[in-house]
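Modelling step: build the complete structure from the supplied sequences, incorporating the hints.
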Amino acid sequence: MSKNALFYLALLTGLVFLAQSMLNDYYQRILSVVFINIILTVSLNLTNGFVGDFSLGHAAFMSIGAYLSAVLTLPPASKASMMPQLPMWLSQLEVPFVLATILGGLLAALVAAVVGIPVLRLRGHYLAVATLGLMVIVRVVAINWTAVTRGAKGINGLPAFTNLWWVFGWALVTVYVIWRLVNSSYGRAMIAIREDATAAAARGVNVTAHRMLAFCVGAFFAGIAGALWGHLITAITPHSFSFLITFNVVVMLVVGGMGSISGSILGATVMTLVPEFLRHVETNLSLGGHPLYGLSQIIIAVTITLVMIFRRQGLLGGREVQLPRLFDRQRALPRARVDTAG
Amino acid sequence: MKRILSALLLVCLVLSLAPFGQTLAAEPIKIGGMYNVTGGMSSIDAPGLNGMKLAAKQINEAGGLLGRPVEIVAIDGKTDQTAVTNAVSEMINVHKVVAIGGLNDSTYALAAGPIAQAAGIPFVTAGATLPTLPEQIGDYFFMTPFGDDAQAYAVAEFAVKDLGAKTCWMLVDQAYDFTTALAAFFKERFTALGGEIVLEDKYQSGDTDFSAQIARLKALSPQPDVLFVSAIPNEAGITTKQIREAGLTQPILSGDGFDTPLIAEVAGENADEVYYSTHAALDNPDPKVQNFVKAYKEEYGRAPENAFAALGYDMMMLIADAIKRAGSAEPKAIRDALAETKDFQGVTGVISYEPGKRVPKKSVTIIKVQDGVYSFVKEFTPE
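Chains as they are written, first to last, in the working numbering: chain U, 1 to 342; chain L, 1 to 383.
Please keep in mind that the hints were generated in silico from the structure rather than gathered at the bench. Mixed in with the good hints there might be a few duds.
To list a few chain L residues with every Cβ distance to chain U over 12 Å, as calculated [said to hold, decoys possible]:
{"id": "1", "residue": "V160"}
{"id": "2", "residue": "N234"}
{"id": "3", "residue": "A246"}
{"id": "4", "residue": "L248"}
{"id": "5", "residue": "R325"}
{"id": "6", "residue": "F344"}
Stretches of chain U that chain L covers, calculated by requiring three or more beta carbons in the stretch to come under 8 Å of a beta carbon on chain L [to be verified]:
{"id": "7", "segment": "26-40"}
{"id": "8", "segment": "138-152"}
{"id": "9", "segment": "156-168"}
{"id": "10", "segment": "234-241"}
{"id": "11", "segment": "277-283"}
Remember, it's a predicted structure, so these values are computed and weren't measured experimentally. Idealized CB from N, CA, C, for every residue including glycine.
Okay, structure coming up:
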């Protein structure tokens, strides 16, 4: 690892440490949501931005990660009273948070593989439809598989394990993995598929395998984010993971700029903090005695419309932000510049 | 360009660290008003917040609490669990509220409650009726409405004692926790009072044709005395219509899922002999109810939209009552006083918490629909 990377890592860690020791719970909570949204957006970018498939499955994968990790981390005592029909071995099990999170991600990736094998062989926007269907299926399973999910009641009283360090750590892992993947031969193949799948296939790229890889890795991190979200909110119900969540992540991705990792980070940060900030504004404003609730949603909607009209490629438009190099004069390796598809 | 963007990123991070809310002078007593004013819950949450604000206004006009004015910190939860938890955390950590009230659905109450519980701030739900909520969340969580068990018991007692029913047919929506629980509680009390369930039939929310279930009902001999339909508002009208069109005339019973104008709108002339339980009847001649309806009309220029307005009003008054009796605005003192609430006279009924319980033992209102007109029948507390 270069001195520069170490420096920025130390700087970020220091900032998180400061935030964790000085800020009250509310601000820490908002920052945690920012990091979770970064994980979601960066991982969705792999499918939607780099391979050019349009997945709407993030809410479903979050749901899977959240439910599995919840069942694994709940203490046996609460499982005995809340889910008496759970199989013995499962109700006795209490798994450390980090392992439960990873298992949640793996199950999400497995489900993605099952959905992806038939769907990703097809061309066109079939993935959008299939992942939308997956979201409905996951919700129906969550409502009806009462022995494990408690149905519409949902699971509550999850241990509040999620703190700034967990979400920060996982966000780092996500960004690092996706960044390495995108800048490897796999990533180059993915971008080639996005630009022209037929040409890529003619050059010997296994199109289906690369689409599968991107889809499953994206689902894995969505599952991780779901597990972190569940242990932040401490209550999950089948209605927690709605189309709204998917939509929000897509908006973050589009605003930041598809096909750019730093764009995803920027998009997730801005689209989490701005609505939160606007909510303070709307709470304190009133027009002729009527409080202006809903104003923040309107402003966001108008902003997104304006971005779509005047800057369709998003804030960063497929480019990456290069942090200034502080220590060595060594030139950055020549990087293949790839512009986003229009 | 890159430099500008990276600077922008840093500014964003720094801004996110800077506290943008500021605590005001410690003078007013701050109460959190946690409602989903926008999104799917807004049709019942917005009237709830209006009711709460009306109560706070009346308290302040009467001189406030402990000589201090009440200030409601209302933040929109946007019908989103993340936004709700952020809002509750903001109320507690930034605005330093001493108690929080609101929310009419258990999905959101389950997310909001534990944050208040962990911070030691009392949370009073205005309209979430899942009776196990206080147990699931903890000793700082209280309910303003009765639990679903109480309303089911009330309907069962009403059926046996007032309508003289001995046998019953049940139709239960399998899609909701609310409908299956309501049916189970009704069955428990109805059979305990000596009644008999002759047939329990089911459907899934979204069904529009109930002819198979009604055919099985018609085949029963002798015919059951009453029909219990455990449904959400969506199916309230259509089940009533189809049962009556099949020529069946027995009373139809249900819970507050039937508290909807849909019965009259969908079933029209056929909407007769329908009885259901709910939180409040706005035509209840009780002066408490009529004064509330009048004050609400004066404040907002329209009648209360539904019972959740009254529940929001009662929730605020319940917290105010606890602060008065505690003689203190400390969260712990408010919690202890709330737990000792006895015979609190609310618009939606009399509220008392039995020792160790935070679901009120409370009166249930029975409403009758006859020829498409809704009218108050009685208000009583089930045993």
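Evaluated hints:
no.	hint	result
1	V160	29 Å, holds
2	N234	15 Å, holds
3	A246	30 Å, holds
4	L248	30 Å, holds
5	R325	30 Å, holds
6	F344	28 Å, holds
7	26-40	holds (count 7)
8	138-152	holds (count 3)
9	156-168	holds (count 3)
10	234-241	holds (count 5)
11	277-283	holds (count 5)
Of the hints listed earlier, there is not a single one the structure fails to meet.
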